[in-house]
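**Q** Residue-level listing of the chains:
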Amino acid sequence: MNELLSKYPQEVQRILARYPAERKRSAVMPLLFLAQAEKNYITPQAIAEIAEIAEVSATEVASVAGFYTLFHEEPGGRYRIQVCTDLPCVLRGADRFLQELKAYLGIEVGQTTADGMFSLEEVKCLAACHRAPMFQLQGDGQITYHEDQTLETVRALVEELRARAGKEA
Amino acid sequence: MGQYLLLRHREIPNLHQLDVYRAHGGFEAFRKAVTSMTPADVLAAVKNSGLRGRGGAGFPTGMKWAFLPNDRWPHYVVANADESEPGTFKDRELLESNPYQFLEGLMLASYAVQANQSYVYLRGEFWALAQKLDGCIAELEKAGLLGENLFGTAYHLRLATHLGAGAYICGEETALLESLEGKLGQPRLRPPFPATHGLYNSPTVVNNVETLANVPLIVEHGPDWYRSFGTEKSPGVKIFSLSGCVNKPGNYELPLGTPFRELIFQHGGGIPNGGQVKAFMSAGASSTIVAADDAALDTPMDYESTQNNLNAPLGSASVIILDDTVNMADLVQKTVHFFKHESCGKCTPCREGTFWMNRLATRIAAGQGSEKDVDLLAAVARQMQGKCLCALGEFSTMAVVSGIEKFREDFLHK
Ligand SMILES: Cc1cc2nc3c(=O)[nH]c(=O)nc-3n(C[C@H](O)[C@H](O)[C@H](O)COP(=O)(O)O)c2cc1C
Ligand code: SF4
Ligand code: FES
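So the protein sequences, as listed, match chains B and P. Each residue of the first sequence is one higher than the last, beginning at 71 in this note's numbering. Each residue of the second sequence is one higher than the last, beginning at 2 in this note's numbering.
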C-alpha cells in the first residue's frame with residue numbers, strides 16, 4: 071500500500087496537477103517535501119512510494135533526495151537551526167553569534183540536543199544578508215526565517231518551542 | 002508616480018493584496034495587452050525599452066523572447082526565483098512585498114510568447130514565500146485574471162510554483178530546468194539553448210524575478226518612458242543589494258549608472274566605526290574583488306562601465322563592502338568554500354579545482370600557508386578558467402585571482 075498516497079490523496083493530486091500529465095517526474099521534489107514534513111527526514115519507504123507515484127525508479131528518487139541539502143536522509147532534531155555563516159553575514163557578526171548559540175545549546179555544529187529537539191547546522195547565503203545574524207528553522211514541514219538575531223531572541227524561540235513540545239506530550 | 006518603480010510597497014501600504022495592487026492600476030497592463038495588443042506588440046515594447054536581464058548576465062530581455070521558434074509548441078516561461086548568490090536579497094523583497102507586480106510581469110511575458118503554462122522556480126528556503134505566491138495565484142484565478150478565455154479572448158494561462166531544495170547551482174537556468182523536471186540540478190550542455198529546447202524539451206524563456214517586475218511598467222508607460230531612467234545601454238532602474246561593512250545594508254532602487262560612491266556613502270550611510278572602505282565586490286561572491294580607490298568609487302553602476310572600468314561584472318548588483326579590518330585571504334577562503342560546497346560535480350575542472358582551492362585557501366587563511374601555496378592557489382584558479390561546463394566554475398576563480406593580484410600582502414602575512 072502507498073501510505074503517502076492514502077494519507078495525503080488531495081495534496082498528491084494537487085502536486086501532480088501542476089505538471090503535464092506525462093511529466094509526473096516533476097512531482098518528485100514536491101513529494102519529497104510532503105514526505106519529509108511528517109518524519110523530518112526521508113525514509114526508504116517514502117522513496118519507494120514517491121517512485122511509484124512519479125513513475126520513476128527508486129534509485130532516481132534517492133539520488134534527487136541526496137543531491138539537495140534541504141532533504142535529510144538521517145533523522146536529526148525535530149528542528150534544525152540553520153545559521154548562515156556565508157561571507158556577508160560573517161562580515162556582520164555571524165561567527166560570533168554561532169559561537170554563542172553553540173555554547174547556549176551545548177552542542178557543536180552537526181549535533182543534536184539531548185532532548186532531540188534541536189540540531190545545529192551551518193548554511194550558505196539565505197538572501198537575508200542585510201539582517202544578519204540570521205538563521206532558518208526547518209521542522210514540522212516548515213521553513214521559517216529568523217533575522218537580526220541575538221542570543222536573547224534565539225533563546226526565547228528555543229524556550230517557546232520546548233514549552234510547546236512539552237504541552238503536546 | 003512615486004519614488005519607486007519596483008519597491009513600490011515602500012510607498013503603498015498593503016500592496017501585496019490584490020485589491021490594493023489593482024486600485025493602483027495593477028493588471029491594467031495585462032488587460033491592455035491581452036485585449037488590444039498582439040503578442041508581437043508586447044515583445045516589441047520590451048525590446049525597445051532596452052530592458053536587460055537582472056539575474057546576472059544582463060542579456061536583452063526582448064531579444065531573448067524573440068528567440069522562441071513559432072513552429073514548436075508549447076512554449077513555457079519560467080521565473081527564476083532561486084536567488085542564492087551570496088549578497089543578493091532583492092527578489093525576496095519583491096516576492097514578499099510586491100508579488101503581484103512580478104506575477105503580472107510573468108503573465109505579460111507568457112502572453113508575449115504565447116505560453117499557456119508558466120512556472121515560478123523558488124529556492125527551497127523560500128518555502129514560506131511559495132505558500133504566499135500560491136495564495137496570490139489562487140486569488141488571480143478567483144478574479145478571472147488567470148484561467149481560461151481571459152477577458153473573453155481565446156488566451157488562457159495557468160501558473161504554478163515549484164520549490165528547489167537547497168542548491169545554488171539551480172539558479173543557473175539549465176540546472177533550474179533539470180530541477181523543475183525532477184532531476185538533479187546539474188547544468189546541461191549548450192547548445193541547444195532553452196529558447197529552443199528548454200523545459201520538457203520545449204521552447205522556454207527563463208527570466209529573473211526583478212526583470213519580470215519591470216515589464217508591467219514598460220507595457221503601461223511605453224519604452225520611451227522606461228528609457229528616461231538609467232543610461233543609453235543600461236536603461237531603467239535596478240535594485241542594488243548592499244551588504245557587508247556598511248552602516249545601512251539593504252536594498253536600494255536606483256537608476257542604472259549611479260556611482261558606487263553614492264550607493265555606499267549617501268544611501269548606505271558609509272562605513273561603520275569610522276572605518277575606511279578597502280574594497281568591494283560588485284556581483285556577490287562571484288565577482289572580482291575591486292580595490293576601492295577613487296576611480297572605482299566614481300564608476301557608474303551600469304553593465305558596461307562596471308565591466309570596462311573595473312573588470313568586474315555588475316551581475317545581479319549585489320554590492321558587498323569590505324572595510325580595512327577585512328583580510329582578503331579570509332574573504333577568499335569564504336568564497337572558495339562556498340563554491341566547493343555548491344559545485345554540482347558534473348565536470349572535473351570545477352569539482353577538483355574548487356576542492357584544491359578550498360584546501361589551499363583554508364591553509365593560507367589559517368596562517369599556515371607559504372608563498373608557494375599562495376602562488377599555487379592562483380595557478381589552480383587560472384587553470385580552471387575557460388575549462389568549466391558552466392559559469393559557476395569560472396565564478397569560483399574570480400575572487401581568488403583578483404584578491405591575490407591586488408592584495409598579495411594579505412595572503413603572505415596572516
Ligand atoms: C551559477 C549560477 C547561478 C545563477 N543564479 C541565478 C539566480 O539565483 N537567479 C537568477 O535570476 N539568475 C541566476 N543565474 C543566471 C541564470 O542562468 C539566467 O541567466 C537568468 O535567470 C536569466 O534571467 P534574466 O535574463 O532575466 O537575467 C545564475 C547563473 C549561474 C551560472
Ligand atoms: S562548472 Fe561546476 S557547477 Fe558547473 S557543471 Fe561543472 S561541476 Fe557543475
Ligand atoms: S550571507 Fe547570510 S543571508 Fe546572505
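If you're looking for bench data, these hints aren't it; they were derived computationally from the structure. In this text, all values refer to a predicted model and were calculated from it rather than measured experimentally. For every residue, glycine included, the Cβ atom is placed at its ideal position computed from N, Cα and C. It is possible that some hints are incorrect.
Each computed DSSO-like pair below joins lysine-lysine, with the alpha-carbon atoms no more than 27 Å apart [claimed, not checked]:
(1) P/K133 <-> B/K77
(2) P/K279 <-> P/K407
(3) P/K415 <-> P/K341
(4) P/K33 <-> B/K109
(5) B/K94 <-> P/K347
(6) B/K94 <-> P/K133
(7) B/K94 <-> P/K184
(8) B/K172 <-> P/K184
(9) P/K341 <-> P/K279
(10) B/K77 <-> B/K237
(11) P/K143 <-> P/K184
(12) B/K77 <-> P/K184
(13) P/K133 <-> B/K109
Partial chain B-side listing against chain P, Cβ under 10 Å, derived [to be verified]:
(14) R88
(15) S96
(16) A124
(17) V131
(18) A135
(19) F137
(20) T139
(21) P145
(22) L157
(23) C159
(24) Y174
(25) L175
(26) G176
(27) C199
(28) H200
(29) I213
**Q** Hints broken by the structure, by number, lowest first?
**A** Violated: hints 4, 8, 11, 21, 24, 25 and 26.
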